[in-house]
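Residue numbers (the working numbering), protein chains in the order written: chain S, 1 to 497; chain F, 1001 to 1497.
Accuracy of the hints is not assured; some may be wrong.
[As the list claims (entries may be wrong)] These stretches of chain F come out as covered by chain S in the derived footprint (C-beta under 8 Å, 3 or more residues):
| id | stretch |
| --- | --- |
| 1 | 1022-1031 |
| 2 | 1178-1192 |
| 3 | 1314-1326 |
| 4 | 1370-1379 |
| 5 | 1395-1407 |
| 6 | 1432-1444 |
[Stated by the list, open to error] In silico lysine to any residue, SDA-like type, Cα no more than 25 Å apart, as pairs:
| id | chain 1 | residue 1 | chain 2 | residue 2 |
| --- | --- | --- | --- | --- |
| 7 | S | K120 | F | P1218 |
| 8 | F | K1432 | F | T1419 |
| 9 | F | K1120 | S | R353 |
| 10 | F | K1432 | F | E1402 |
| 11 | F | K1113 | S | A433 |
| 12 | F | K1133 | F | R1353 |
| 13 | S | K113 | F | R1353 |
| 14 | S | K113 | F | W1293 |
| 15 | F | K1113 | S | L261 |
| 16 | S | K410 | S | A433 |
| 17 | S | K260 | F | T1110 |
Just so you know, these hints were derived from the structure itself, not from any lab. Because the structure is a prediction, the values reported are computed rather than measured. From the three backbone atoms N, C-alpha and C, an ideal C-beta is built for every residue, glycine too.
Protein chains: 2
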Amino acid sequence: MPKTETFQDLSLVSSGSHGELWRWLYTELRAAILDGRLRPGSRLPSTRSLAVQYQLSRGTVVAAFDQLQAEGYTHTEIGSGTFVASGLPDPPLSSPRTKPALTLPPSTATLSKRAIETLKGITVMPAPHSVGKAFRAYEPAIDLFPVELWARVAARVLRHAPRSLYGHGNAAGYPPLRRAIAEYIGTSRGVRCLPEQIIVTSGAQQALDLIGRFLLDPGDPVWIEDPGYPGAWQTLRATGARMIPVPVDQDGLNVVAGMKLSPRAKLAYVTPANQFPLSVTMSADRRMELLNWAVGAGAWIVEDEYDAEYRYHGRPVAALQSLDRSGSVIYVGTFTKMLFNALRLGFMVLPQRLVGAFEAARSFVDRHPPTLDQAILAEFITEGHFGHHVRRMRQTYSERMEILKESADKDLDGLLDVTAAAAGMRTVAWLKAGTSDKVAAERASQLGLEVMALSAFTFQQKQRPALILGFAGCNPDELRRGVSVLATALRGSPALR
Amino acid sequence: MPKTETFQDLSLVSSGSHGELWRWLYTELRAAILDGRLRPGSRLPSTRSLAVQYQLSRGTVVAAFDQLQAEGYTHTEIGSGTFVASGLPDPPLSSPRTKPALTLPPSTATLSKRAIETLKGITVMPAPHSVGKAFRAYEPAIDLFPVELWARVAARVLRHAPRSLYGHGNAAGYPPLRRAIAEYIGTSRGVRCLPEQIIVTSGAQQALDLIGRFLLDPGDPVWIEDPGYPGAWQTLRATGARMIPVPVDQDGLNVVAGMKLSPRAKLAYVTPANQFPLSVTMSADRRMELLNWAVGAGAWIVEDEYDAEYRYHGRPVAALQSLDRSGSVIYVGTFTKMLFNALRLGFMVLPQRLVGAFEAARSFVDRHPPTLDQAILAEFITEGHFGHHVRRMRQTYSERMEILKESADKDLDGLLDVTAAAAGMRTVAWLKAGTSDKVAAERASQLGLEVMALSAFTFQQKQRPALILGFAGCNPDELRRGVSVLATALRGSPALR
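All chains, please: the whole structure from these sequences, using the hints.
This is how it looks when you write it as structure tokens:
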């Protein structure tokens, strides 16, 4: 039996969590084996004596030993102890050979030129620490999401799904979810499609990204609404396409203006149901103009809908896609606004002739969406929970919008004119002409509100100063508190009164 | 009270599921409202009488009515009935205006030129209907995955997660998961990193895709192992980069050969722990050569590990990343092979100076990975279930590999020489010199096996004929059955004997 090695050269780290200590001990022991301080066949000290020697818990030492054994560095003989494995192959990572690595100079490798261009001005939004903050515009009412119901459906699906659902999935998405989506948007939005035309994506954002990557070449002109959605701008220009901001008026995107700016654009990005951020609905005439232009120009139309189901006044307007018989429109939808952001499931409805290409694209971009999340969502829809939740939220958001409007009319009279939103999860609140919405939004955010300036969404077209206020995610108390804080912010700044 | 309208012009569809009938009735009623057959304020027939008239269940009619009401087309007066809503705005979708849409000619819009090039030769793998088929190489042992345990952890996380986890998440991933991954790969693979260097991705494939998009410009030369992984080839060349196949020998990628072919490549893609598909381990000398070359050339090294934890003989070899002090190596890992494919969670470990750029990239590519899936996985790891599962699978896969080897030595003696894999989830089985592995794989697949020809993974370097056989996902009976079928396939074809 070879003699027990000692560890004079191991120094004790005195701080750190249990996890870190365990890892530290494992790493030190492994290093000792790798560089020959612990020779093959030699016995390790007992876990008890190591624990005493280094003032570690027994569990910490055992965890380190377990890992060493699991990786084949050691083996245990019952009654005798733990030994360094013998017959190890040539040590490829032994210290003499790793030494040169330490002398490597820093790498000079770079991002691509395209990436440097693309990433300019992209800011990353961190995850917020709480939900329902006034006047966050990107969140539905997460406070009212039926978490217990979702957990129950999820547990059932995970337990009873056939094992094959844990294996490789379909690039285009889980077929029952595609059927459920086709049925839902057929009835709720008038979208005409077969389930086969639906590609499930990681939120609407991935749909826009795939569209940019596979439909646009560098230099291709793209119509984008001005003011408009920065998320679309960022991803569509990433391929090197040329963004053409087209003005938006009361009737939505001004098609005639677009035709003057760039008659042969390759693609037009629009939000007809509830324009982002102006909240106007595209008129029927404009829809027809846009379709006729697209067919003539050989252009794609991307119709992005994210909160069209929430309409509070008047009749819901069917999707632009429902008018299209030419195969020009790609409809993009998402569940992140209808259920919760973290879900990351959206979809696009493609003209038939694009389906194969996007399926292939998705398969090498990231293989396929998570199957079990899709199966849970499919169950949630087909059991009727989704429709029920949407109807309930429509009522809730309508009430929240009224509360915002009433509070603002009372507390912000003369300072801010809040539009009664006809649809969606946010509204436009007009400031006095001549004031700066950037300054107003900054003042509000200094007081802890989440408020966006309309000018942050304008590309070229000057707009009247306004704030974009989300209301759907905020409960009544928070909305009233937000209005009162906003009043302080606007009254406190002479430039804004 | 206005008179009740009749529906002479509605024709009954006689087939279809409940869901389809409901949708049909809803669509017909909506159309009748939209084109004026049902005028504002007019009363609809009772659900009972409609059900009788059209031989529908009462539930079907009620569902259609509910949807109409939810969308604001109708309203109900208790005791009086259901009425078409009055005061609707100008009908943007009324039939006279939609008519022109029907006459649109087909769109001539196209894919981008780049996409047409990129998508050439991409084949989409459909989701298989069952798990564990011999000799599928991309699946772990899904039959042994602890589904009940996963469902329990999932239900707990979903119920007790703070509401903010249902909101917007971090582009780089859920922080506790990033910490758990950093700790795990630090101990199991020797990867040196802080949690901040980890970006959680949608499987390893998305990591490779982001790397291609943000590190490569069109025309950039890229070293890729030959034979090698098509998934990497497909996505790295998608930016227009120039693929340089570099031969692989017993010691892994031949760095000297690579330097002759393209000394100033921008990136090298390697699988050092268990080369895909040859299953060789990159030697220590080659690792140092590769690192030294990369630093000198200002090149990135992408180290793709997918099954390195499964090592059956000899000592585990730490990741190449653990030798790098220059910041040249990007380490890519995945949970799809360690847990189950459908999970779609992987990660990359970036040199510090790339972290901000990739976080920004991810934020507009698809925002962030699904938070709750990440929270479930983080719990699964920190509670020790993950380590336990990996150790159990290491034992299982080692046994399955032995069974494959023994059965093959017995039944395929002289026809196929199955290598005893030292690591991973698949092995190389050599055919007789001069035979065609494509023919052999085809014969096997005609008999229902899933077998890949080595030549399917070669880009330029000719290889001896061989089959790639997966064993990890197949239970012992299926492995033995597979070997017997494979014997039939090979014996039945004179060209292969």
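Practice problem: For the pair supplied as a hint, K1120 (chain F) and R353 (chain S), confirm whether the alpha-carbon distance does not exceed 25 Å. | Solution: Satisfied, since the Cα-Cα distance of roughly 16 Å is no more than 25 Å.
Quiz item: Under the criterion that the straight-line Cα-Cα distance not exceed 25 Å, is the pair K260 (chain S), T1110 (chain F) satisfied?
Solution: Holds - the C-alpha atoms of T1110 (chain F) and K260 (chain S) are around 22 Å apart, at most 25 Å.
Quiz item: Within 25 Å, alpha carbon to alpha carbon, are K113 (chain S) and R1353 (chain F)?
Solution: Answer holds: K113 (chain S) to R1353 (chain F) is near 16 Å, not above 25 Å.
Quiz item: Within 25 Å, alpha carbon to alpha carbon, are K1133 (chain F) and R1353 (chain F)?
Solution: Roughly 43 Å between the alpha carbons, so the hint for K1133 (chain F) and R1353 (chain F) is violated.
Exercise. Measure nothing beyond the straight line between the CA atoms of K1113 (chain F) and L261 (chain S); if it is 25 Å or shorter, mark the hint as holding.
Key: Given that 25 Å is the threshold and the Cα spacing comes to 24 Å, the pair holds.
Quiz prompt | Residues of the stretch 1178-1192 of chain F with Cβ under 8 Å from chain S, three needed, outcome | solution = That given contact holds, which follows from 5 residues of the stretch 1178-1192 of chain F lying within Cβ reach (below 8 Å) of chain S.
Practice problem: Given that the stretch 1022-1031 of chain F was listed as covered by chain S, double-check it with a C-beta distance under 8 Å for 3 or more residues. | Solution: holds (count 3)
Quiz prompt | Given hint E1402 (chain F) paired with K1432 (chain F) - CA-CA distance at most 25 Å | solution = 22 Å, holds
Self-check item: Straight-line alpha-carbon gap K120 (chain S) to P1218 (chain F), limit 25 Å
Solution: 19 Å, holds
Exercise. Measure nothing beyond the straight line between the CA atoms of K410 (chain S) and A433 (chain S); if it is 25 Å or shorter, mark the hint as holding.
Key: 20 Å, holds
Quiz item: Within the stretch 1395-1407 of chain F, is the number of residues with a Cβ closer than 8 Å to a Cβ of chain S three or more?
Solution: The restraint on the stretch 1395-1407 of chain F is violated, since only 0 of its residues have a Cβ under 8 Å from chain S and three are required.
Quiz prompt | K1113 (chain F) paired with A433 (chain S) [C-alpha distance capped at 25 Å] | solution = Violated - the C-alpha atoms of A433 (chain S) and K1113 (chain F) are around 47 Å apart, more than 25 Å.
When each numbered hint is compared with the structure, violations occur for hints 5, 6, 11 and 12.
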